[in-house]
Amino acid sequence: MSTEGSASKPIVNEMKPFLRASAFALVTALSCGQAFAGKADDTVHTAFTKELESVDFYYQSAREGTILSRHIWDGLVYRDPKTGEYSGNLAESWTWVDDMTLEFKLREGITFHNGEPFDADDVVHTITFITDPENKVVTPSYSNWMKSAEKIDQYTVRIHTERPFPAALEYLSSLIPIYPNEYYAEGGPTAMGLKPVGTGPYMVESLEPGKHYVLKKFDGYKGPKTKAEIGTIDIRTIPDINTQMAELLSGGIDFVWGVPTDQAEQLTTMDQFVVANEATMRIGYITMDAAARGGENPFTKKEVRQAVGYAIDRQAIVDNLLKGSSEVVHAACYPTQFGCTDDVMKYEYNPEKAKELLAAAGYPNGFETEFYAYRNRPYAEAMMAYLADVGIKANLNYLKYSALRDLQKNGGGGFGFLTWGSNSLGDMSAITSLFFEMGDQDFARDEEVSNWLKEGDTSVKDEVRLEAYGKALKKIAEEAYWIPTFSYNANYVFTKEVDYKPTPDEIVRFFDMKWN
Amino acid sequence: MLAFTLKRLGLAVLVTLTVSVISFSLLHLSGNPAAALAGENATPADLEAITRQYGFDRPLPVQYADWLWNALHGDFGQSYYFKLPVSSLIADRLSVTMTLGVCAICFALFTAVPLGVAAAVRPNSIIDRTALFLSVAGQAMPSFWFGLVLIVLFSIKMRLLPPSGSASWQHFIMPTIVLGYYAMPAIMRLTRAGMMEVLNADYIRTAHAKGAGAGRVLFKHALRNAIVPVVSLAAVQMGFMLGGSIVVEAIFALHGAGYLAWESISRHDLPTVQALILIFSCFYIVFTFLSDLANAWLDPRIRVG
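Chains as they are written, first to last, in this note's numbering: chain A, 28 to 543; chain B, 19 to 323.
These aren't lab readings, by the way, just hints derived from the structure by calculation. Fair warning: there could be bad hints in the mix.
In the EDC-like style, the derived pairs of lysine to aspartate or glutamate whose C-alpha atoms are separated by at most 16 Å in a straight line are [to be verified]:
1. K329/A to D473/A
2. K163/A to E66/B
3. K436/A to D75/B
Derived DEER-like restraints, expressed as beta-carbon distance ranges [to be verified]:
4. V304/B to L423/A: 41 to 47 Å
5. L27/B to E232/A: 31 to 37 Å
6. W87/B to E209/A: 51 to 57 Å
7. V487/A to P160/B: 34 to 40 Å
8. A67/A to R70/B: 50 to 56 Å
9. L27/B to G258/A: 43 to 49 Å
10. N142/B to A415/A: 52 to 58 Å
11. A185/B to P251/A: 33 to 39 Å
12. L423/A to A211/B: 42 to 48 Å
Quick look at which bits of chain A chain B covers, simulated, 3 or more residues with Cβ under 8 Å [said to hold, decoys possible]:
13. 164-172
14. 263-277
15. 377-384
Where a beta carbon is used, it is the ideal one built from N, C-alpha and C, also for glycine.
Just chain A, with the same shape it has in the complex (with noise of 0.2 Å):
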């Protein structure tokens, strides 16, 4: 689920800063005392800025897909996404009848959006439909931990997972929202895409693909999220910030979000608008090349590793660039995520120690290097900054995300600043595990780190978990086998008509929104 910017970045947004900035200053200096419409129809208009590509979940990737699938659907769990605490949504209860079989009560009374009756059926064919390799989901490893769903009679469903997996309820409650079976076999994917039915606290009334979509209150919502209150979601596709803020000025729309910082400073000072801040779950992470994937290099010495983490001024790019709720971060996780722990070695910033290392390591006058990235060029850029002033000379290779994964995958682009947004996901398996179990961007390849990391992927008890993630997070800090940044932050603005309140996992919930 890319987030801002990402691989398919629009045109537009790569073209002079200058600029742009400067137009919106424009925008911002002409426009007040504007009214606006939106409270009297009782329809928040909205944008996304992702063509998306399908409003099935299963056949997308996209954080807007993800925000369609909360509202469409229900999982059979629910995390509170205030507390993180699980509950019942679809479900009633479950039990753990094994470390490899989880069972659920399900709820009795709910329907669909088109008055199909909701039990075990539509559970075991969606979770059937999913796991099958031959129906291409476009993101396999949400559901390939799962073997099989067996139904034990109409509201009792078991699934049977492929190996212990402690995880399997932030999946559910994230990533596997169950469809209604008798629609879905008729209609497939293709269907499901073009008028979507769920559970969920809203149904879609219209949509064109890619570009618009209109959500209508479902009256027979019966779960645990909010009822909603807003009749309409209207939401079109703007693929340029720059249009949604004219649209939000003109009135056309109430709401937007991922608006960059020096804009959304720019709107504080405007009346008629909310300006709110809240983390995300994405982190930043300078890699390194320990293994010598690429072949000899200075990152297989770990005082040069370290020196990279004692020479950058994290605090400082935080403070000047990302602002808002980011955060400097130690460990190689979300600080949120089960599992995650700031005990770890923390690398202030020191630039001397960072020089002494160097010299330590047979580099005195330190070298040069090339330096890989794909999002956030000035972030990138400020790095290289503090880097040369230790002595690292970085040469930037700004690529495409998927050009970057490739080089990655062959063992090549090993020094680099990435991101990593664990898919919302409040487990730390959805990142450390994924980057230091000996795959294709594992630059680290230390069979101790990747171990302990498996003990914790496929234990069902919290304590040994905890336990062997730690020893994986201390070690990795240790070895400086990543510099982890910073997390980063997304600003949301709205009309004072709504009022909303953002939550750190960056799924825009309109069914918590209510008018003012």
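Mind docking chain B on chain A? Use the hints.
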């Protein structure tokens, strides 16, 4: 004439094929299509699964031949990204682009040609200077900036026009001006240069001498000759507008074919990109052909030649 047309047609097919082979290769060389399809959060296992499912592990010539075979049978395949038939996807987007392109070229021609004629009739006058200023400004101003300025004026300040979308004819006014203005300077300068040259020709003096009216001389005798290169230029500009109105489509959220092409490239949506390239190259060929016909009608010497 027939042999000439057939030869040109054969050449056009070769050009189209070459363009599609090159674009196919470039798209594959610029990154792993599986990585683009899977999105930013895909695990290595996801990538491997997609590589197998879509057959990206097959040799490139085999993949190309496969696509070509289907395309020749009228099947452009399914968009990797939208999971919809490419033909219906493009048909949907092309209507917006065509509307915009036709409006913009008309706007450009109907403003640039009269201005160019006026500038040529009164060289170094205030009209000529204004025309020069307009054309310099048109070339110098990036279209995204001009688009935003129009939005600020007409949508935010005056509340006259909607800033984005394509629901009504009003939505097309600002994009037409922005896109048309970009094409205007070249047409205007060419009209002016052509007219200046023609107005000094002997036959124009003769026309004046035999007592033909000023308007008749200007439009019937002079413009008809001066406009020949303008028609060729307008055809190329039209082709550009249909394929290259990416920025304007993005700013005004028009969801046209140009923007679809741009986005499809970064998404590695190969079937869509290939089909669009084919269509855009056909546009260029058709417009060039039409401009040849128009020129032959305007200038009998071309017909004979």
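Now for the hints, and whether the structure bears them out:
Restraint check: the Cα-Cα separation between K329/A and D473/A comes to about 13 Å, which is no more than 16 Å; the hinted pair holds. The hinted pair formed by K163/A and E66/B meets the criterion: a straight-line CA distance of about 12 Å does not exceed 16 Å. About 15 Å separates the Cα atoms of K436/A and D75/B, which keeps this hinted pair within 16 Å; it holds. At about 43 Å, the beta-carbon gap between V304/B and L423/A stays in the expected band of 41 to 47 Å.
Distance hint check for L27/B and E232/A: the Cβ-Cβ separation is about 49 Å, which falls outside the suggested range of 31 to 37 Å. One distance hint, 51 to 57 Å for the beta-carbon pair W87/B and E209/A, is violated here, with the actual separation near 38 Å. A beta carbon spacing of about 58 Å between V487/A and P160/B contradicts the range 34 to 40 Å that was offered as a hint. With their beta carbons about 53 Å apart, A67/A and R70/B fall inside the hinted range of 50 to 56 Å.
Between L27/B and G258/A the CB atoms are about 57 Å apart, so this pair departs from the stated range of 43 to 49 Å. Evaluation of the 52 to 58 Å hint for N142/B and A415/A yields a pass: the beta carbon distance comes to about 55 Å. Under the hint 33 to 39 Å, the C-beta atoms of A185/B and P251/A, about 37 Å apart, fit the expected range. Look at L423/A against A211/B: about 45 Å separates their beta carbons, and that is inside 42 to 48 Å.
Residues of the stretch 164-172 of chain A with a Cβ under 8 Å from some Cβ of chain B number 5, which satisfies the need for three, so the listed coverage holds. For the stretch 263-277 of chain A, the stated coverage by chain B holds: 11 residues have a C-beta nearer than 8 Å to a C-beta of that chain, and at least 3 were required. With 0 residues carrying a beta carbon less than 8 Å from a beta carbon of chain B, the stretch 377-384 of chain A misses the three-residue requirement, and the given coverage is violated.
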